[in-house]
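Q: Which chain is which? The protein sequence lines are A and B, in order. Residue numbering for the first sequence follows the numbering used here, starting at 1 and increasing by one per position. Residue numbering for the second sequence follows the numbering used here, starting at 1001 and increasing by one per position.
Think of the hints as simulated: they come from the structure by calculation, not from any bench. Glycine included, each C-beta is placed from N, C-alpha and C at the ideal position. Heads up, a few of these hints could be off.
[As the list claims (entries may be wrong)] Quick list of in silico lysine-lysine cross-link-like pairs, DSS-like style, CA-CA up to 25 Å:
#, chain 1, residue 1, chain 2, residue 2
1, A, Lys90, B, Lys1220
2, B, Lys1106, A, Lys261
3, B, Lys1013, A, Lys7
4, A, Lys185, B, Lys1013
5, B, Lys1013, A, Lys11
6, B, Lys1082, A, Lys11
[Said to hold, decoys possible] One side of the interface only, derived from the structure: several residues of chain B facing chain A at Cβ under 7 Å:
#, residue
7, Asn1051
8, Leu1053
9, Thr1057
10, Gly1059
11, Leu1062
12, Lys1073
13, Lys1074
14, Lys1082
15, Asp1100
16, Phe1101
17, Phe1230
18, Cys1232
Chain by chain, the residues run as shown.
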Amino acid sequence: MLSKLIKYEIKATGRIFLPLFLALLMFAGITRFISPLGPEKFDTPAMISMAIYISIMVGMFVMTFIMMIQRFNKNLLTDEGYLMLTLPVKPWKHIVSKLLVSMLWIVGSGIAAIISIMIIALKKGDLTKIAVEFATFHQQVYEYLGTSMYLWSFEIILGILITLASGIMIVYASIAIGHLFSRHKMLASFGAFIALSSLSKILITLISLTPVFTYFSNIHISSNDFIGMQHVIQWAIACGIIFTGLLCAAYFAVTNFILSKRLNLE
Amino acid sequence: MSTILECNDLTKKFGSKEAVSAVNLKIERGQIVGLLGPNGSGKSTIIKLANELLTPTSGTILIGGKKPGVATKKIVSYLPEKTYLNDWMHVNQIIELFSDFYDDFKPEKAYDMLKSLNINPNDRLKTMSKGTKEKVQLILVMSREAELYLLDEPIGGVDPAARDYILNTILRNYNENSTVIISTHLISDIENILDYVVFINQGQVVLTSSVDDIRNEKGKSVDGLFREVFKC
Chain A
1 MLSKLIKYEI KATGRIFLPL FLALLMFAGI TRFISPLGPE KFDTPAMISM AIYISIMVGM
61 FVMTFIMMIQ RFNKNLLTDE GYLMLTLPVK PWKHIVSKLL VSMLWIVGSG IAAIISIMII
121 ALKKGDLTKI AVEFATFHQQ VYEYLGTSMY LWSFEIILGI LITLASGIMI VYASIAIGHL
181 FSRHKMLASF GAFIALSSLS KILITLISLT PVFTYFSNIH ISSNDFIGMQ HVIQWAIACG
241 IIFTGLLCAA YFAVTNFILS KRLNLE
Chain B
1001 MSTILECNDL TKKFGSKEAV SAVNLKIERG QIVGLLGPNG SGKSTIIKLA NELLTPTSGT
1061 ILIGGKKPGV ATKKIVSYLP EKTYLNDWMH VNQIIELFSD FYDDFKPEKA YDMLKSLNIN
1121 PNDRLKTMSK GTKEKVQLIL VMSREAELYL LDEPIGGVDP AARDYILNTI LRNYNENSTV
1181 IISTHLISDI ENILDYVVFI NQGQVVLTSS VDDIRNEKGK SVDGLFREVF KC
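Could you build the full structure based on these sequences and the hints that come with them?
A: Here you go:
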């Protein structure tokens, strides 16, 4: 059932994002095409197409944010909730499907943005140059770090994804808390967001005062000792990931509890 | 006959206000039941409790012996009083959604009914009038072969002609094993199809009876009895 929910979530959001991505890449192409001599030779049409390109780019990122809120709030907590929440599906699957698809579009927007920048900025031969340089960079890092490079990349990617997920889950939890109020739900959600983020900050501060973390913060990393320190740093990152993961789980638990036990659709 | 819906001391409070207070109710399978009461009497609240859209403050509500959850949602076909259709789908897409999630949904039934009500399956839900949306929703709900149909004010917003069609649809699509519970205050319109009635007022069940008993023993119509019980 989760895969079906994800399918419908992608259908519901893809009809907005795919045209946006397409428009972004198209205007990147147009900008590139009408100003082949580079940014210093910009004329009016190029300026216009550049302006459109930039507005689409901004619009795309604003849209990921709006969609993240809208899909959760409108689809589950307004009249549409009567349909979604009476489907024979556990509430947590609704949350997971919305979370994953939201993350998908945020990452997708990032990738579309990078590609569009490459379309505009790259000159002939740049791509091969980048590929070559990336290969040497990869080589150097590998010589320096050895196989732990893969562990590093894994940690970094996991860290980014967990941070992204917790950023979305705090918004979902806030909307769910706002739903508990009979009036001024939006205002209550906003208040809940401020309360939740302050609470998380306080928790982080408290935890960073515990002996384990004061130990981490007292370590001075010098570049020539990076290899020696890497286990410690990796542990610090791992702890950060675990803590963010726990926060994320807590937001999830709050959201799930409200959706399954405290639901009160208008 | 076995029990399809059972409430034991079912209570739901909103703040300090009791919307449903200590309701005890047993509905047997194989009948069309009218859940009748004035506005705000707790009809919708009971139906929402049965669909897990609300959680009881105390007491239990059981559907086929089970608490509301995934298993009961598979056998309950629910028509809410709200239009729950989103604005971006086409009718055939929402039919596809129902076929995806409900094993007992029969798309051919839905397309049949759409045809007889002159609704184009390729129309976008957004462009439809409120009445048409209500018809689409009823078609979706009645195209399932569910054990229990919970219809909350199914005829509230549609014209009398469509009202007849809807009632016929309900009659046609329901079989001996399934049960239909219709909540409404428009009694005279549905009186003829009901087997059993539950009168509800201020969150409490005030009367349960078969329609035959009302007619034979009291010599009244359900509508007449309703007016008497709920006299202002």
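Q: It remains to establish, for every hint, whether it holds in the given structure.
A: Consistency of the hints with the structure:
1. Restraint check for Lys90 (chain A) and Lys1220 (chain B): not satisfied, since their Cα atoms lie roughly 46 Å apart, outside the 25 Å limit.
2. The hinted pair formed by Lys1106 (chain B) and Lys261 (chain A) fails the criterion: a straight-line CA distance of about 31 Å is larger than 25 Å.
3. A hinted pair counts as satisfied when its Cα atoms are at most 25 Å apart, and Lys1013 (chain B) with Lys7 (chain A) does not qualify at roughly 37 Å.
4. The suggested pairing of Lys185 (chain A) with Lys1013 (chain B) holds, with an alpha-carbon distance near 20 Å, which does not exceed 25 Å.
5. For the hint pairing Lys1013 (chain B) with Lys11 (chain A), the CA-to-CA distance comes to about 38 Å; that exceeds 25 Å, so the pair is violated.
6. For the proposed pair Lys1082 (chain B) and Lys11 (chain A), the alpha carbon gap of about 24 Å is at most 25 Å, so the pair holds.
7. The beta carbon of Asn1051 (chain B) is positioned within 7 Å of a beta carbon in chain A (closest approach about 5 Å), and the interface hint is therefore held.
8. The beta carbon of Leu1053 (chain B) comes within 6 Å of a beta carbon in chain A, closer than 7 Å, and the hint placing it at the interface holds.
9. Interface restraint check for Thr1057 (chain B): the shortest CB-CB distance to chain A comes to about 11 Å, outside 7 Å, so the restraint is violated.
10. With 7 Å as the threshold, the beta carbon of Gly1059 (chain B) stays out of range of chain A, its nearest partner Cβ sitting at about 15 Å, so the hint is violated.
11. The beta carbon of Leu1062 (chain B) comes no nearer than 17 Å to any beta carbon in chain A, farther than 7 Å, and the hint placing it at the interface is violated.
12. Hint status for Lys1073 (chain B): holds, given a least beta-carbon distance of 4 Å to chain A, under 7 Å.
13. Taking 7 Å as the C-beta contact cut-off toward chain A, the hint placing Lys1074 (chain B) at the interface holds, the least distance being around 5 Å.
14. Hint status for Lys1082 (chain B): holds, given a least beta-carbon distance of 4 Å to chain A, under 7 Å.
15. With a least beta-carbon distance of about 5 Å to chain A, the hint placing Asp1100 (chain B) at the interface is held under the 7 Å criterion.
16. The interface hint given for Phe1101 (chain B) is met, as the beta carbon of that residue sits about 5 Å from the closest beta carbon of chain A, less than 7 Å.
17. Violation of the interface hint for Phe1230 (chain B) is found here, the shortest Cβ-Cβ separation to chain A being roughly 26 Å, above the 7 Å cut-off.
18. Because the smallest distance between the Cβ of Cys1232 (chain B) and any Cβ of chain A comes to about 27 Å, over 7 Å, the interface hint for this residue is violated.
Figure legend: structure checked against the earlier numbered hints; hints not met, in rising order: 1, 2, 3, 5, 9, 10, 11, 17, 18.
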